[in-house]
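Chemist: Spelled out from the first residue to the last, the chains are:
4 protein chains.
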Amino acid sequence: MSSMFGSRLRLSLFGQSHGECVGAVLDGLPAGEKIDPEVLAAFMARRAPGQRLSTPRQEKDRVRIVSGLVEGVTCGAPLCLIIDNTDTRSSDYSLLRRVPRPGHADLPAHIKWHGFNDIRGGGHFSARLTAPLCAAGNLLMQIYARRGIRIGAHLYAACGERDLPFDPLRVREEDLALCASRYPAVLDAEAGERMMERIQALREKGDSGGGIVECAVLGLPPGLGGPLFDGLENRISAAVFGIPAVRGIEFGEGFAAAAMTGSTHNDGYRMRGGQPFPVTNHAGGVLGGLSTGAPLLFRAAFKPTPSIALHQESVDLEQGTDTPLSVSGRHDPCVALRAVPCVEAAAAIALADDLI
Amino acid sequence: MSSMFGSRLRLSLFGQSHGECVGAVLDGLPAGEKIDPEVLAAFMARRAPGQRLSTPRQEKDRVRIVSGLVEGVTCGAPLCLIIDNTDTRSSDYSLLRRVPRPGHADLPAHIKWHGFNDIRGGGHFSARLTAPLCAAGNLLMQIYARRGIRIGAHLYAACGERDLPFDPLRVREEDLALCASRYPAVLDAEAGERMMERIQALREKGDSGGGIVECAVLGLPPGLGGPLFDGLENRISAAVFGIPAVRGIEFGEGFAAAAMTGSTHNDGYRMRGGQPFPVTNHAGGVLGGLSTGAPLLFRAAFKPTPSIALHQESVDLEQGTDTPLSVSGRHDPCVALRAVPCVEAAAAIALADDLI
Amino acid sequence: MSSMFGSRLRLSLFGQSHGECVGAVLDGLPAGEKIDPEVLAAFMARRAPGQRLSTPRQEKDRVRIVSGLVEGVTCGAPLCLIIDNTDTRSSDYSLLRRVPRPGHADLPAHIKWHGFNDIRGGGHFSARLTAPLCAAGNLLMQIYARRGIRIGAHLYAACGERDLPFDPLRVREEDLALCASRYPAVLDAEAGERMMERIQALREKGDSGGGIVECAVLGLPPGLGGPLFDGLENRISAAVFGIPAVRGIEFGEGFAAAAMTGSTHNDGYRMRGGQPFPVTNHAGGVLGGLSTGAPLLFRAAFKPTPSIALHQESVDLEQGTDTPLSVSGRHDPCVALRAVPCVEAAAAIALADDLI
Amino acid sequence: MSSMFGSRLRLSLFGQSHGECVGAVLDGLPAGEKIDPEVLAAFMARRAPGQRLSTPRQEKDRVRIVSGLVEGVTCGAPLCLIIDNTDTRSSDYSLLRRVPRPGHADLPAHIKWHGFNDIRGGGHFSARLTAPLCAAGNLLMQIYARRGIRIGAHLYAACGERDLPFDPLRVREEDLALCASRYPAVLDAEAGERMMERIQALREKGDSGGGIVECAVLGLPPGLGGPLFDGLENRISAAVFGIPAVRGIEFGEGFAAAAMTGSTHNDGYRMRGGQPFPVTNHAGGVLGGLSTGAPLLFRAAFKPTPSIALHQESVDLEQGTDTPLSVSGRHDPCVALRAVPCVEAAAAIALADDLI
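Chains as they are written, first to last, in this note's numbering: chain A, 1 to 356; chain V, 1 to 356; chain W, 1 to 356; chain S, 1 to 356.
One or more of the hints may lead you astray.
[To be verified] Pulled a few chain V residues facing chain A out of the computed Cβ check, cut under 8 Å:
| # | residue |
| --- | --- |
| 1 | P102 |
| 2 | F229 |
| 3 | F255 |
| 4 | T305 |
| 5 | E318 |
| 6 | T321 |
[As the list claims (entries may be wrong)] Quick look at which bits of chain A chain V covers, simulated, 3 or more residues with Cβ under 8 Å:
| # | region |
| --- | --- |
| 7 | 134-146 |
| 8 | 204-217 |
Hints listed in this document are in silico derivations from the structure and should not be mistaken for laboratory results.
Here a beta-carbon is modelled for each residue, glycine too, at the ideal position from N, C-alpha and C.
Turn these sequences into a full structure, and let the hints steer you where they fit.
Modeler: Below you can see the structure in the form of structure tokens.
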């Protein structure tokens with residue numbers, strides 16, 4: 001197994017949900033880059049638990065950077081960041097070694113690691129690992145911003161309600177900033193309210209819902225990426241599926257392109273200011289694995305939170321019998337809500353081999 | 001750039017559409033594995049051009065294995081396979097250095113490689129590179145078959161028409177064999193005919209269409225893969241986006257999961273023959289990056305073939321002017337048709353680090 | 001840059017000499033392996049400063065394992081270990097940003113990282129990074145020991161004095177245990193005393209000396225490693241040169257083989273107990289990159305500690321003038337003394353891709 | 001196993017000694033680099049068999065580049081090169097599956113690959129694989145030369161005779177050119193003659209001898225490489241041990257440094273033309289893994305050719321008995337003679353991740 005990503009810039013995630021801490025090593029950052037701890041803290045707050053309709057688990061998610069910085073500036077050495085787990089309640093999970101939770105990795109992880117896996121809160125499979133993912137991603141986003149590259153996402157759909165989509169050709173920094181300032185992160189505040197009502201209703205029933213996050217990257221120069229396995233889609237999907245609960249990813253028109261024709265899907269070119277520019281952006285800013293210079297756009301689908309209070313069918317591995325299971329504990333009724341910054345961070349990490 | 005994939009078993013693709021040959025190196029195959037050239041040739045024939053409603057380009061796609069075998073059996077050394085390009089017509093493409101084709105990598109590749117890229121037929125970005133991909137994938141599939149693991153795909157959708165889906169929990173080897181024996185590769189022969197009619201109609205208009213390929217992997221033991229970036233979804237998506245024209249991928253319910261609830265999406269467990277077994281397979285056989293033991297199921301969306309005879313908007317890079325473009329040459333009106341074995345091969349390659 | 005090693009098992013080192021801590025992430029350890037903290041502490045003590053004729057810097061080098069263990073047993077998740085830097089005195093190093101120390105990486109690191117590198121104690125280039133290297137190596141050695149594989153080294157030469165060599169064909173676990181129990185780690189205690197006298201004499205003069213460490217790996221099954229770039233020599237050398245101050249490495253007869261003949265260097269075979277066995281072990285247990293089953297033997301040469309009190313020629317980078325430099329601070333007069341466990345640890349790490 | 005090297009630029013070697021061909025894929029070359037086939041052929045001629053006191057095997061070693069070039073210029077796509085095996089005599093080797101040759105990988109390879117390995121001429125373990133290594137290395141050297149970086153080596157020692165060493169601080173391009181023009185490649189022609197006499201005498205006795213190759217890299221900018229596992233020594237040693245028969249490597253003073261003192265080994269600095277410059281070059285141009293700007297210097301030790309006509313002890317694996325073995329066939333009595341360009345090529349490959 002490898003919880004690592006990247007080749008020039010390498011990220012290594014570690015930690016378990018109810019262990020001492022979670023964290024990350026980022027190896028390959030350029031030297032001389034200032035890291036702003038307040039920008040980092042503000043980003044972490046967007047993912048942090050304890051917000052409206054999220055798990056009541058209290059984690060301040062303060063990021064301690066224990067190597068790689070000298071007076072707040074990267075020094076070329078690997079950066080290690082640590083986020084302590086302060087609100088762990090392992091006793092919640094004692095039953096789960098025997099009764100695997102449907103929709104979770106409990107059972108295959110038990111088989112893979114012969115019962116030695118850390119079952120507490122899902123261990124290393126927990127969405128808690130997105131905390132160091134977000135921290136690492138934001139450090140990169142701070143560097144990208146100085147190079148004119150912005151990454152932003154919004155909650156495109158949740159529990160059957162839809163936000164407005166990004167305008168493929170004209171999405172702007174202001175749109176990204178607007179979404180980053182809202183909770184839920186939406187372009188259309190009313191759509192956001194409808195989503196929250198649906199989520200609230202599901203929670204009251206002891207159930208949960210899924211969602212879709214749409215992400216844009218602005219300012220990418222054309223020609224990044226590569227053919228075949230080195231394309232931006234390959235790398236971004238490999239990183240985004242690192243976020244627990246992601247079930248699909250699509251670029252540009254994505255699955256809708258399957259029902260389109262070449263004449264409606266192709267993005268024609270026109271000269272503009274002496275440069276060729278695409279007339280439309282059905283491609284989502286990536287052709288043949290290479291950035292086109294238009295906004296890069298992709299969507300990631302999240303399944304409903306598997307931990308629900310409603311009774312589900314499960315088995316008792318010790319007794320070899322069927323047994324119903326109701327997962328108590330503290331859980332988000334819709335993980336997509338807090339996944340918005342996670343998708344931004346995963347995109348930042350995926351692009352690092354090209355941008356760093 | 002890197003046209004390589006994998007860590008324990010590494011695949012390296014090389015060649016350009018209208019160069020001397022295309023090929024692949026597979027490094028890390030186990031020794032002692034018999035390779036059946038007829039099985040390989042039959043697989044290559046499923047992808048080969050010259051079939052109904054595909055490009056009339058004539059390529060026999062005979063695979064020459066120039067290293068790594070001793071008397072038809074792997075010897076542990078890297079296997080190099082070569083497929084000669086016999087029917088190249090470079091003159092078709094002379095205009096394209098000046099006028100980039102919409103929907104192709106021509107323009108970003110021109111920028112990336114400062115005009116030195118091989119423009120003939122798309123060069124290294126051509127779908128011709130799926131020939132060595134298929135060859136490499138089939139070598140692995142021959143090995144997997146001896147271990148009880150089968151990979152098969154079908155054309156789930158094309159130009160707006162749909163095939164029957166695989167039954168998530170009960171898809172069988174016979175289903176895979178049926179699809180592999182048909183062209184187009186469908187479960188429902190009538191749906192296949194409707195697809196072909198639609199494709200024919202698009203071709204007559206000088207247009208093209210997209211499609212969706214659904215793939216199943218049977219016989220995977222539970223616990224393969226890993227958390228975070230090492231999940232089966234990460235690897236499979238990183239490989240499948242290596243096939244030109246793929247725009248999206250989803251596992252299990254995929255994007256549909258975003259509108260489901262936890263209580264309808266979670267796969268409960270029951271004991272069966274002393275073992276826990278999922279009651280449903282909305283997860284598509286993968287939870288938290290790990291195989292569950294149920295059939296692994298994913299779908300890949302293909303955009304319409306970008307090369308169309310209809311007039312499109314483009315630009316003349318030399319003259320700096322707008323110019324219309326009609327792409328003549330020999331092209332598939334629906335790449336998804338011949339992409340079915342490519343998706344199988346990509347899945348085989350993605351699983352090699354776990355299975356070899 | 002990448003302070004990472006390995007492909008199946010990956011090690012990532014982080015930290016700077018006078019930062020908050022040094023540490024490592026080990027990703028890919030098997031689950032279910034018990035880690036004995038006392039064995040680890042005893043190993044760390046062999047490398048720790050504060051011993052006879054080493055730097056008086058006081059570091060307890062207590063290893064805190066903050067992830068990857070559940071009740072002292074590996075759980076399959078990445079293991080992160082941290083060693084706090086408790087006795088840092090950054091003021092010792094303030095001059096060195098201007099006046100690079102001869103024999104150190106100060107000047108090229110200054111150029112590489114545009115002056116942003118952490119100069120305090122050599123930063124990430126410091127031999128302090130061998131503390132997490134040793135910790136990671138010992139965790140592996142504990143696992144190997146349960147599989148019958150033992151790694152041990154001794155101080156083969158220091159400041160012109162030589163220890164007895166390991167017997168290439170008959171080195172035993174007892175020999176390794178004897179060396180591990182001694183300081184300096186030698187087979188011949190009198191040779192060790194002569195070395196210490198030489199080192200003492202050099203220290204009194206404000207000078208320093210070099211040395212050679214010889215390492216043996218016992219119990220390796222034959223056939224590990226691979227041809228070309230995948231040989232045991234390739235991997236071991238790539239890991240051992242990760243220890244600061246190493247200037248050369250040789251396997252078996254090494255450089256002496258260059259003056260031998262085929263008839264004296266080749267190791268003949270005889271049947272013994274139904275198995276072929278080498279009559280001699282000039283190869284040092286590795287042929288064509290593959291382990292032979294005989295003891296694996298290599299030697300690493302260490303240069304003299306570059307930090308010396310004697311005046312040396314240097315330059316003032318700010319003023320652009322020549323200037324003499326005397327390096328005060330706390331330094332080992334012979335780094336090879338404490339490097340013995342570091343070489344064992346590096347060998348353990350190098351073998352992990354084959355043994356884990 | 002992996003016959004691959006590198007991360008940004010990746011080399012993949014394939015082929016067996018008596019298979020159809022040997023070859024290499026180079027992935028990651030920049031686009032727009034002209035390749036001069038005559039320079040390549042001249043380099044290949046330095047390694048080719050058939051020279052004085054080498055194997056009489058006749059191989060023209062013509063390099064066919066089958067992908068990655070358009071009109072002699074790199075196009076950004078992976079470059080595949082193939083060298084046909086034209087003079088194979090497999091019958092020479094039929095006995096060797098039963099009776100492993102001392103000093104060869106025959107026995108451990110038999111164990112590793114369960115008897116399926118290609119025994120003919122050593123298969124993938126053969127020194128024949130240095131032909132594609134040299135070809136790949138020379139392509140890189142052609143690119144480096146345009147950036148002012150030159151790599152050259154000489155036969156520093158053979159069978160007990162020594163050439164003059166390179167002057168560590170003042171080795172010049174003319175020295176490299178002189179060695180490249182001579183066979184054997186020496187600075188001192190008389191030393192070369194003495195070497196040849198010794199080799200001739202060993203051949204007449206049916207024996208063989210070892211040697212040492214010294215290599216210099218001129219024009220490297222300071223600051224290349226990295227700390228810990230990313231140092232130039234790590235990479236160069238990992239590549240150079242890919243050449244069969246290498247038993248040791250040392251940088252700068254290497255093993256001699258172990259008997260030096262800090263005051264004699266450290267390279268002081270003086271200002272020269274406004275820049276700090278080392279007064280001596282005991283470091284061989286690399287400190288802490290980073291290039292210093294002085295000539296990079298290393299030496300590689302080669303063991304005597306293991307294939308000798310003299311009788312040696314071996315075993316019959318089928319019969320389980322001891323048996324004498326005399327290796328007939330066509331063999332170099334001193335592999336170091338033809339290894340000089342191989343070392344240059346390995347150095348070129350090792351530096352590619354930094355220079356490309």
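Chemist: All the hints need checking, so say for each whether the structure fits it.
Modeler: Tested hints:
1. P102: holds (4 Å)
2. F229: holds (4 Å)
3. F255: Holds, because the Cβ-Cβ distance from F255(V) to chain A comes to roughly 4 Å (cut-off 8 Å).
4. T305: holds (6 Å)
5. E318: Given a least distance of 12 Å, the restraint on E318(V) is violated.
6. T321: holds (6 Å)
7. 134-146: violated (count 0)
8. 204-217: holds (count 6)
This entry does not satisfy hints 5 and 7, going by the numbered hints stated previously.
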